[in-house]
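S.K.: Please model the entire structure based on the sequences and the hints provided.
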Amino acid sequence: MTAVATRERPGPAGGSLVRHSGFLTARATRALLRQPAFAAITLVQPVIWLLLFGELFAPVVEIPGFSAEHGSYLEFITPGVAVMTALFSSGWAGTGYIEDMERGVMDRLLASPVRRGAMMIGTLAYQGLTTVIQTLVVFGIALLAGARFPGGPTGVAVTVLATILISVIVASLSNALALVLRQQEALIGISQFIILPLQFLSSAIMDTELSPQWVQDVARYNPVDWAVVASREALEAATDWGAVWPRLGMLAVLATVMAALATRAFGSYQRSM
Amino acid sequence: MSASETALSAVDLVKTYRTGRGTPPVRALDGLSVEVAPGTVFALLGPNGAGKSTTVKILTTLSRPDAGSATVAGIDVLAEPDAVRRSIGLVGQKSSGDPMATGRENLVLAARIQGMSRVVAERRAGELLARFRLGDAADRLVKTWSGGMARKLDVALGIVHRPAVLFLDEPTTGLDPEARAEMWQEISSLAADERVTVLLTTHYLDEADRMADRLAIVDAGRVVVEGTPDHLKRQLRGDTVAVQLDLDAVGAGHAILSRVRGLSDLVAEGGTVRARAEAGGGAVPAVLAALEDGGITALAVTLARPSLDDVYLRHVGRSFEVAA
Chain G
11 MTAVATRERP GPAGGSLVRH SGFLTARATR ALLRQPAFAA ITLVQPVIWL LLFGELFAPV
71 VEIPGFSAEH GSYLEFITPG VAVMTALFSS GWAGTGYIED MERGVMDRLL ASPVRRGAMM
131 IGTLAYQGLT TVIQTLVVFG IALLAGARFP GGPTGVAVTV LATILISVIV ASLSNALALV
191 LRQQEALIGI SQFIILPLQF LSSAIMDTEL SPQWVQDVAR YNPVDWAVVA SREALEAATD
251 WGAVWPRLGM LAVLATVMAA LATRAFGSYQ RSM
Chain P
13 MSASETALSA VDLVKTYRTG RGTPPVRALD GLSVEVAPGT VFALLGPNGA GKSTTVKILT
73 TLSRPDAGSA TVAGIDVLAE PDAVRRSIGL VGQKSSGDPM ATGRENLVLA ARIQGMSRVV
133 AERRAGELLA RFRLGDAADR LVKTWSGGMA RKLDVALGIV HRPAVLFLDE PTTGLDPEAR
193 AEMWQEISSL AADERVTVLL TTHYLDEADR MADRLAIVDA GRVVVEGTPD HLKRQLRGDT
253 VAVQLDLDAV GAGHAILSRV RGLSDLVAEG GTVRARAEAG GGAVPAVLAA LEDGGITALA
313 VTLARPSLDD VYLRHVGRSF EVAA
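Order-wise, the sequence lines are chains G and P.
Take 11 as the starting number for the first sequence in this note's numbering and just add one per residue.
Take 13 as the starting number for the second sequence in this note's numbering and just add one per residue.
The hints are simulated quantities; they were obtained by calculation from the structure and are not laboratory data.
Since we're looking at a predicted model, the values are computed, not measured.
Quick reminder that beta carbons are idealized off the backbone N, C-alpha and C, glycines included.
Check the hints yourself; a few may be wrong.
[To be verified] Not close to chain G: a few residues of chain P, all C-beta gaps over 10 Å, as computed:
id, residue
1, Thr73
2, Asp88
3, Leu259
4, Val279
[As the list claims (entries may be wrong)] Facing chain P, a subset of chain G residues (Cβ under 8 Å, in silico):
id, residue
5, Arg37
6, Ala41
7, Arg118
8, Leu120
9, Ala121
10, Pro123
11, Val124
12, Met216
13, Gln280
14, Met283
M.R.: Right, here's the structure in full:
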């Protein structure tokens, strides 16, 4: 038995989790840049939402009881639209896995030394990166349209962080669904079914103080609302950090748990084959 | 062979799949065992659903068996899947290149995942692109490549890290004859040049015949017979006689021929009765005479040296075309 025993084997680690995650993030980013139309839509979509919702619902600030200290409606919905954008883009995250499954890419990676964790982190980091750019575009357009945020760069940084965390949470969910359902239509159907209520049962585009009590109750447990409230608060002149940190903390914990659970979903995929 | 002398060994693999409520589970593998010597090309031959791909999935750590054990490159597949993954390459049934990356980028990524530095990975990618004559297309997106080129890239991706064992799951299915012939050539030279052990699954008899040093015929999740293609064919004494009859005369024809001395292993399928003829060509006059005595006219009688199709027929009990 010569050929097998004398053959040099690659090192045991074969590359760390971080290295592998980096390779896969780069792969996804490169693919995005090669689809200029898709990349453009990814950027233009939040702009349309911001301006459309901004115009459509502008008069709601006139409703008695609407938190008037937020200034214009545009300023009110800017963090809302940033979070919404993260929510909707990340809902599609799992479609990348399904494309990989439909080709043999997923099986090839699973039979290689890549850790499942790196396959998950690679897509989540890519989603996070997209979210950072989208959030900054939302702020850029809002500023051009005349919105002003007393919270300044710190407020923007908190919003970026909150949108990344929401993005990781939702992308993990989408990836997990992809691994369990293994079918594009089912993934999109279910993720829309989850995402739309998450958005509307939050203060993203409407002050929940004006909503029925049950909506306010639900919003309290809605991570989308945590992200919106933390961001909006950080963009205020006198930020109540006691309202920001706990929400960011809960988002971070939830993001970690969701990513870990989603990684376990590879087991479900492999049991199905 | 002892465990250390095999590149790959599977013992009594069992795998069942649940197919849904109310339907009985499908037994994809039913005690499949196989042993492959290092540096050889071994083929699992069988129709779709025989259990070939399930075997590959278990040996490449993608799937776990319900029972049984397996080692690849001397490593236990169930106990040390990570170590196995560093020692194998997988070319699955589906094309596995990333369509939105170029061929070169695909290879560099695969090499870096296997732990090579950027410089080494780029050198290896260039080497493989040249070897598979993909140089001209190397920097075009894989989604623009032809099926044959994409398949060659799959093989290149499978050997980028010089694995001890390469799994090729139906490597030529869906390729046109020209691309298929080219792929055969590549695989043959691979085993020699890269010192890699190849486990190949196929439902093409000619592919197994041509490529494999040894082959196993797989049916209903078990290995029915195993050996070198030549040995398997030589085991069948004599030649194959195929007698074509009118459809309504097949039953009577079969009965008559079963009484002809020197004929054995009779099988009727459609309008054809096949049999082994120990005497070879000498059997033809006897066949014609017996049929004439029985008042049946043969439409055609052909005689052929044993082929793998006959080996399959002999061991599985039905001809390969019918099974596939």
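S.K.: Leu259(P) clear of chain G by more than 10 Å, beta carbon to beta carbon?
M.R.: holds (42 Å)
S.K.: Have a go at the Ala121(G) hint: is there a Cβ in chain P nearer than 8 Å to its own Cβ?
M.R.: Hint on Ala121(G): holds, closest Cβ of chain P at ~4 Å, below 8 Å.
S.K.: Is the Cβ of Thr73(P) farther than 10 Å from every Cβ of chain G?
M.R.: violated (6 Å)
S.K.: So Val279(P) supposedly isn't at the interface. Is its beta-carbon more than 10 Å from every beta-carbon in chain G?
M.R.: Val279(P) clear of chain G: closest Cβ-Cβ about 35 Å, beyond 10 Å.
S.K.: Hey, does the Leu120(G) contact hint survive, CB to chain P under 8 Å?
M.R.: Nearest chain P Cβ about 6 Å off; hint holds.
S.K.: Given Ala41(G) as an interface hint, is the shortest Cβ-Cβ distance to chain P below 8 Å?
M.R.: holds (4 Å)
S.K.: How about Val124(G): closest beta carbon in chain P under 8 Å, or not?
M.R.: At 5 Å from the nearest chain P Cβ, Val124(G) passes the 8 Å test, so the hint holds.
S.K.: Grab the minimum C-beta distance from Arg118(G) to chain P and call the hint holds if it beats 8 Å, violated otherwise.
M.R.: Because about 4 Å separates Arg118(G) from the closest Cβ in chain P, which is inside the 8 Å limit, the hint holds.
S.K.: Holds or violated: is the Cβ of Pro123(G) closer than 8 Å to a Cβ in chain P?
M.R.: OK, holds: Pro123(G) within 8 Å of chain P, min 5 Å.
S.K.: Would you assess whether Asp88(P), listed as outside the interface, keeps its beta-carbon beyond 10 Å of every beta-carbon in chain G?
M.R.: holds (14 Å)
S.K.: How about Arg37(G): closest beta carbon in chain P under 8 Å, or not?
M.R.: holds (6 Å)
S.K.: Under 8 Å, Cβ to Cβ, is where Met216(G) needs to be relative to chain P, so tell me if that hint holds or is violated.
M.R.: With Cβ-Cβ at 39 Å, over 8 Å, it is violated.
Checked against the numbered hints above, the structure breaks hints 1 and 12 and satisfies the rest.
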